[in-house]
Amino acid sequence: MEDYKFLFKVVLVGNAGVGKTCLVRRFTQGLFPPGQGATIGVDFMIKTVEVENEKVKLFIWDTAGQERFRSITQSYYRSAHALILVYDISCQPTFDCLPDWLREIEEYASNKVLRILVGNKIDREDREIPTHVGEDFAQRHGMYFLETSAKEAENVERLFMEIAAELMEDKIQARSKELPRYETNTTSINGKTTSIGDTSNCGCSRLS
Amino acid sequence: MSPRILLRTFQRISGLRFSSTKPAFTSDRYKVKRGPYARISNDHVAFFNELLGRNRVIADAEECEGYNIDYAKIVRGQSTLVLKPKTTEEVSTILKFCNENRLAVCPQSGNTGLVGGSVPVFDEIVISMKFMNKIIETNELAETNLGVLSSDEFFALGVLTCEAGCVLEDLDNHLGTVGLMMPIDLGAKGSCLIGGCVSTNAGGLRLLRYGNLHGNVLGLEAVKANGEVIDCLNTLKKNNTGYHLKHLFIGSEGTLGIVTKVAIQCPPLPKAVNVALLGLNSFEKVLKAFRLAKRELAEILSSFEMMDRRSIDISFTTFGMKSPLTSKTDGHDFYVLLETSGSNVNHDEEKLGSFVEKALADDIIEDGTLTSDPTKVKHIWALRERISEGVLREGYVFKYDISIPILSYYKVIEMIEERLRDPRVIRISGYGHLGDGNIHVQVSIPSYEPDIASQLEPFIFEYVSKLRGSVSAEHGIGFVKTKYLHMSRTSSEIKLMHEVKKMMDPNGILNPYKVLYPLEISA
Numbered sequence: 001m002e003d004y005k006f007l008f009k010v011v012l013v014g015n016a017g018v019g020k021t022c023l024v025r026r027f028t029q030g031l032f033p034p035g036q037g038a039t040i041g042v043d044f045m046i047k048t049v050e051v052e053n054e055k056v057k058l059f060i061w062d063t064a065g066q067e068r069f070r071s072i073t074q075s076y077y078r079s080a081h082a083l084i085l086v087y088d089i090s091c092q093p094t095f096d097c098l099p100d101w102l103r104e105i106e107e108y109a110s111n112k113v114l115r116i117l118v119g120n121k122i123d124r125e126d127r128e129i130p131t132h133v134g135e136d137f138a139q140r141h142g143m144y145f146l147e148t149s150a151k152e153a154e155n156v157e158r159l160f161m162e163i164a165a166e167l168m169e170d171k172i173q174a175r176s177k178e179l180p181r182y183e184t185n186t187t188s189i190n191g192k193t194t195s196i197g198d199t200s201n202c203g204c205s206r207l208s
Numbered sequence: 001m002s003p004r005i006l007l008r009t010f011q012r013i014s015g016l017r018f019s020s021t022k023p024a025f026t027s028d029r030y031k032v033k034r035g036p037y038a039r040i041s042n043d044h045v046a047f048f049n050e051l052l053g054r055n056r057v058i059a060d061a062e063e064c065e066g067y068n069i070d071y072a073k074i075v076r077g078q079s080t081l082v083l084k085p086k087t088t089e090e091v092s093t094i095l096k097f098c099n100e101n102r103l104a105v106c107p108q109s110g111n112t113g114l115v116g117g118s119v120p121v122f123d124e125i126v127i128s129m130k131f132m133n134k135i136i137e138t139n140e141l142a143e144t145n146l147g148v149l150s151s152d153e154f155f156a157l158g159v160l161t162c163e164a165g166c167v168l169e170d171l172d173n174h175l176g177t178v179g180l181m182m183p184i185d186l187g188a189k190g191s192c193l194i195g196g197c198v199s200t201n202a203g204g205l206r207l208l209r210y211g212n213l214h215g216n217v218l219g220l221e222a223v224k225a226n227g228e229v230i231d232c233l234n235t236l237k238k239n240n241t242g243y244h245l246k247h248l249f250i251g252s253e254g255t256l257g258i259v260t261k262v263a264i265q266c267p268p269l270p271k272a273v274n275v276a277l278l279g280l281n282s283f284e285k286v287l288k289a290f291r292l293a294k295r296e297l298a299e300i301l302s303s304f305e306m307m308d309r310r311s312i313d314i315s316f317t318t319f320g321m322k323s324p325l326t327s328k329t330d331g332h333d334f335y336v337l338l339e340t341s342g343s344n345v346n347h348d349e350e351k352l353g354s355f356v357e358k359a360l361a362d363d364i365i366e367d368g369t370l371t372s373d374p375t376k377v378k379h380i381w382a383l384r385e386r387i388s389e390g391v392l393r394e395g396y397v398f399k400y401d402i403s404i405p406i407l408s409y410y411k412v413i414e415m416i417e418e419r420l421r422d423p424r425v426i427r428i429s430g431y432g433h434l435g436d437g438n439i440h441v442q443v444s445i446p447s448y449e450p451d452i453a454s455q456l457e458p459f460i461f462e463y464v465s466k467l468r469g470s471v472s473a474e475h476g477i478g479f480v481k482t483k484y485l486h487m488s489r490t491s492s493e494i495k496l497m498h499e500v501k502k503m504m505d506p507n508g509i510l511n512p513y514k515v516l517y518p519l520e521i522s523a
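If you read the protein sequences in the order shown, they are chains B and F.
Under full-length UniProt numbering, the first residue of the first sequence carries the number 1, and numbering increases by one thereafter.
Under full-length UniProt numbering, the first residue of the second sequence carries the number 1, and numbering increases by one thereafter.
Pulled out of the complex, with its shape left as it was, chain B reads as follows (with noise of 0.2 Å):
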């Protein structure tokens, strides 16, 4: 077995065309591959990339945006370390379906899961949603914001590691709280929590 000390799972989801597999290409493989078809059903893929010196192990779940070739729904949000919600900002129906997809979430994900929101293709002229739109959807929902663009390789490096990151970061948290939990006998559930609370707060300022 490789020696990795963390181990995360990463979920895309968003509209169809919003560049969801594109994001994941250009961080896996380094490219952007242009005519890229729409993805059925859901790729699954392995990253390990550093940080602090520490191996991290990302697992990559790469959802289809189109309703009818969506599958295992259920069981690609449960167990998911972070949901990255990606829209087009050039393209607004991508933009006002976000509620929708925070419906989905809210039912079968984790309370828990660290959540990302991605506007794709800055590299497009004919931007629709303004950068402190999604700014401010992100705040209010209590998530990280980053703009990205796959095709100019634009904050798609620093999207990733910043997850694995503040992952890292809660896992160790997390692990620090154990031990006195266990001992003291107390449930602090909301301990656990306030790492994904601290995220609503200070996360835009992190990541944006």
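Be careful, since some hints might not be right.
To be verified - Only pairs whose alpha carbons sit at most 30 Å apart, straight line, appear in this in silico DSS-like list of lysine-lysine:
1. F/Lys322 to F/Lys288
2. F/Lys328 to B/Lys5
3. F/Lys495 to F/Lys399
4. F/Lys358 to B/Lys5
5. F/Lys502 to B/Lys57
6. F/Lys378 to F/Lys73
7. F/Lys294 to B/Lys57
8. F/Lys399 to F/Lys322
9. F/Lys22 to F/Lys399
10. B/Lys47 to F/Lys294
11. F/Lys411 to F/Lys73
12. B/Lys5 to F/Lys288
13. F/Lys322 to B/Lys47
14. F/Lys31 to F/Lys73
15. B/Lys5 to F/Lys224
16. F/Lys96 to B/Lys171
17. B/Lys47 to F/Lys328
18. F/Lys224 to F/Lys271
19. B/Lys55 to F/Lys358
20. F/Lys31 to B/Lys57
21. B/Lys47 to F/Lys378
22. F/Lys322 to B/Lys151
23. B/Lys57 to F/Lys322
24. F/Lys96 to B/Lys57
25. F/Lys328 to B/Lys151
26. F/Lys483 to F/Lys411
27. B/Lys171 to B/Lys55
28. F/Lys33 to F/Lys358
29. F/Lys328 to B/Lys55
30. F/Lys288 to F/Lys328
31. B/Lys47 to B/Lys5
32. F/Lys358 to B/Lys47
33. B/Lys55 to F/Lys288
34. F/Lys288 to B/Lys47
Derived by calculation from the structure, the hints in this document are not laboratory data.
On the provided structure of chain B, position chain F as indicated by the hints.
Relative to the frame of chain B, chain F by itself:
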């Protein structure tokens, strides 16, 4: 695209490419001696014309050619007469006449076999079963039927009874309309006939789940060499009364009788089918994935197929199909196609999700894709199913279909690679039904070379024999494997086989030179 259309495309293309390179006559290439059979006379032909009418008697050399060459183009017979009976009675009359006149016959179904069992060696009369294609009865457990079931029907729920010449895919489509499916599925489903499947005990892609045809065929009707019709068309699931004679006709490749009707048990159509394609970097990991799949997916696992890089490359390069796995630009050393069939979508997805997570966490798989979308499911299956068709375009293909203990499963490819370092070799590849311990080995070269044949055989069979494996896991013995039968069967078994053959077909007219050969024929 349906496999049948694929096959047609293949035939057209191969017709263009190989029209000038028909395989050599079997009798020449393999130096076979013709048995003591009568030659076809005008009187014989007149008899058949009278019986079947001229439309169902083919005596034109050009038209006969399609019946003389096998799908893999490794053998070629010289028959000048093809008969197309429509009823059991006609088959019976034909065989009675042939037996009395010592005319050898070669029963033929879809002619998709890979061991030269379905085409004549010399001038045997081809009995094509294509016209016996009626579905006789389907007993399904449909809700609308429950109220009006008679007691007879109740015992036969989920049983299909049909004639031997029905195309497997047609049967599957027919059953689909009543919520059932065939318990057998193979790449050749668009062309192969159920009678041929039964006669060869064909395995295929779902044997892992539903078992082989000895279990699934509840009963059959067959015609013996002397024209006698044996009715064992039982439709009961349990019937331990006397000898189970149906087994004599399942897998005996038309050497003991011609199967004319079949009763087969059919499982309900699964409500949820999911297919995953996984990329792995070693065979050891393929085994680990299999063990994990058996544990995590258990009763919903319906297929576990493995392909090495050079096998799946055939589908990529020959047919220009795209790999659904994109995380590694240069692909993977091994691929696994895994299918689940179950009755509850959520239940199956839960299991699959957990399987994938464990497989990723334990570093078993590098990446993968999972879907229930019918188009993508078909695409992924096509990557696996078209390997066998695609490799034929490279020229001549030595194909081996062997069962070996699972730990040695892929070693056979490595051994051949080591042994066969010849620049003429285009490709050495292995793929197959890992779940059944069955691997298909392919060695392709531009055209048949006897010296390469002798480097491969009997070497590969000896290797298999040493491991107590089978020299033919699912393709049968046919013509090309006869001399290796003893490597997978004991001498006591083979002796009894000869005795059975002699008793059932004393003149040896049924599919001669196949399975048991050389065969002593009583004068």
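message: Check whether the Cα positions of B/Lys47 and F/Lys328 lie no farther apart than 30 Å.
response: Distance ~11 Å between B/Lys47 and F/Lys328 Cα, so the pair holds.
task: Below or equal to 30 Å on CA atoms is what counts here, so check F/Lys495 against F/Lys399.
output: The hint holds at about 28 Å.
query: Between F/Lys411 and F/Lys73, does the CA-CA distance stay at or below 30 Å?
result: 28 Å, holds
- request: Measure nothing beyond the straight line between the CA atoms of F/Lys483 and F/Lys411; if it is 30 Å or shorter, mark the hint as holding.
  value: Given pair F/Lys483, F/Lys411 holds - Cα atoms ~24 Å apart, limit 30 Å.
Pairwise hint evaluation, F/Lys358 against B/Lys55, where the allowed Cα distance is 30 Å at most: Answer holds: B/Lys55 to F/Lys358 is near 19 Å, not above 30 Å.
query: Is F/Lys96 within 30 Å of B/Lys171, Cα to Cα?
result: 81 Å, violated
- request: Quickly compare the C-alpha distance for B/Lys55 and F/Lys288 to 30 Å and report which way the hint goes.
  value: With Cα atoms ~24 Å apart, B/Lys55 and F/Lys288 stay inside 30 Å; holds.
task: For the pair supplied as a hint, B/Lys47 and B/Lys5, confirm whether the alpha-carbon distance does not exceed 30 Å.
output: Given that 30 Å is the threshold and the Cα spacing comes to 14 Å, the pair holds.
- request: Sort out whether F/Lys271 lies within 30 Å of F/Lys224, counting only the CA atoms.
  value: 41 Å, violated
- request: Mind checking the alpha carbons of F/Lys31 and F/Lys73 for me, to see if they're no more than 30 Å apart?
  value: 17 Å, holds
field: Satisfaction of hint between B/Lys57 and F/Lys294, Cα-Cα up to 30 Å
entry: 26 Å, holds
- request: Mind checking the alpha carbons of F/Lys322 and B/Lys47 for me, to see if they're no more than 30 Å apart?
  value: 22 Å, holds
Violated hints, in rising order: 5, 15, 16, 18, 20, 24 and 28; the structure is consistent with all others.
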